Amino acid sequence: MNSSPISLMTKLLAVHLLIPVLLLAQKQFPAWFAQLPEAREGQVLIVGYAGRYTKLPKAHDAAVSNALKTLCQYYQMQLKFDLIELSDGRMQITNPIFEKSINTSLIDQFAVNISVLDSLPTEEGYFVLISYPPSGKKFEHSNPKSDWGPKPDWIDDLPRQKGYVFGVGQVARYAHWLRGWRDADDYARFDLAKSLQLETESIRAEKRDNRMTKTTILKRQSIDFVLKKANIVARWYDQATDTYYSLCRAPRQ
Amino acid sequence: MKRLTVFLLLIPMALMLMNCAGEKPAAKKLDVPDWYLNPPQAEDAIYQAGDAVKVSMALAKEAADARARDAIARTIELKVSTMLKDFMQQSGAGQDAEAIEFTSVVSKQVANNVLRGCKIVKREMKVEGNQYHAYSLAEYNLNSLINETLNEARKQKALYNEAKANLGFEELEKEIQKLEAVGK
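Protein chains in written order, with numbering that gives the first Met the number 0: chain D, 0 to 252; chain F, 0 to 183.
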């Protein structure tokens, strides 16, 4: 059966558009990227990741730099969130604003006080696991994994652990895995902060005439919060739906 | 020819009758989480569900979470406000501007405070065409509600005194203790 020229062109265009997306998809990752090992007391473990570089040392540096920024975030980050939702029965407008501020002045101090426990270059990027303060203990090297396994329970039911709070971030249909994880990680941090502090305002106006009632709702929820010791402890990628999930954990503040 | 026409006319009728005589089609089950339709019930916690349909998954999740939390806040605000209004009514200060303000300020602030302890405990994401339908279940533990209300009422004690209520503040504190029954 011959395809019409238009449908053939559409297929070619779809394949053409899909190729870069498939190339930018994440195929391999270290085990500690999916599940962060438990740190010893007084030790902080942080994962850093970077995209593909032509030279490995550059990729390594970029991943370590990413880990150092995450370490700064671990110690302190200012999160501002503002969600305004207007609904009048016919339409609903949801307008969220996310702002994150990090004090990066400590990066230089951290940079000389960490050790890279493990690193893994893959076809799509570079991953590092760092320890702060440096760890003298030998860390077992992680071979690349390519199977994310079954859906973890924490996606549908937040874990309950005494003294800790959790948050989940999820994003889908990202062209590049790097941006997917970056956003999923950040959404998880905001999600956690919202379970610690949230301001809310809600205005409901009802207008009635003989036949109908029109309800207008203006809702606002916001946070302006300094989050401390929040770390991404687990990640999962759903290949079927191209969805990235991150789990953030912090001690109850 | 006439017979053929009659035969052709009879076919759709026969098909219609066959259809009627057949088994009733099973009602299609909605693809909605059970906990959304029937939120869990507990003696010491309240649950409210929220949902949202958006093109962006992250936005759908944010909106569903916000709606579930808002539902909790409204439930708490209503419960506290009703309790305070009843109390003010009984003490003869129900319609005073100060009494109304006291009731409004305390219930709003309590609702705002309780959200700090409000958690999203369950989520589900469904794909509907090119959109995401997010469902969220919020939980609030009632153990701290009495303390939150007492603290807020004490902060607004000046307003309460201006309401010239016949009953003392201790009576109000006793009434607040009854909020324990809010989740029952």
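Be aware that one or more of the hints could be misleading.
Think about it this way: if two alpha-carbon atoms lie no more than 27 Å apart in a straight line, the pair counts; the simulated DSS-like pairs of lysine-lysine are [what the hints assert, rightly or not]:
1. D:K227 with F:K173
2. F:K173 with D:K99
3. D:K227 with F:K118
4. D:K161 with F:K156
5. D:K150 with F:K121
6. D:K99 with F:K53
7. D:K206 with F:K107
8. D:K213 with F:K173
9. D:K150 with F:K118
10. F:K107 with D:K79
11. F:K125 with F:K107
12. F:K121 with D:K99
13. F:K53 with D:K150
14. F:K156 with D:K79
15. F:K118 with D:K26
16. F:K163 with D:K213
17. F:K118 with D:K228
Calculated directly from the structure, the hints in this document are not laboratory data. From a predicted model like this one, the values you see are computed outputs, not experimental measurements.
These are the hints, each one checked on the structure:
{"no.": "1", "hint": "D:K227 with F:K173", "result": "38 Å, violated"}
{"no.": "2", "hint": "F:K173 with D:K99", "result": "44 Å, violated"}
{"no.": "3", "hint": "D:K227 with F:K118", "result": "19 Å, holds"}
{"no.": "4", "hint": "D:K161 with F:K156", "result": "35 Å, violated"}
{"no.": "5", "hint": "D:K150 with F:K121", "result": "15 Å, holds"}
{"no.": "6", "hint": "D:K99 with F:K53", "result": "24 Å, holds"}
{"no.": "7", "hint": "D:K206 with F:K107", "result": "23 Å, holds"}
{"no.": "8", "hint": "D:K213 with F:K173", "result": "39 Å, violated"}
{"no.": "9", "hint": "D:K150 with F:K118", "result": "22 Å, holds"}
{"no.": "10", "hint": "F:K107 with D:K79", "result": "22 Å, holds"}
{"no.": "11", "hint": "F:K125 with F:K107", "result": "34 Å, violated"}
{"no.": "12", "hint": "F:K121 with D:K99", "result": "26 Å, holds"}
{"no.": "13", "hint": "F:K53 with D:K150", "result": "23 Å, holds"}
{"no.": "14", "hint": "F:K156 with D:K79", "result": "32 Å, violated"}
{"no.": "15", "hint": "F:K118 with D:K26", "result": "34 Å, violated"}
{"no.": "16", "hint": "F:K163 with D:K213", "result": "38 Å, violated"}
{"no.": "17", "hint": "F:K118 with D:K228", "result": "19 Å, holds"}
Consistency with the previously given hints fails for numbers 1, 2, 4, 8, 11, 14, 15, 16, ordered from lowest to highest.
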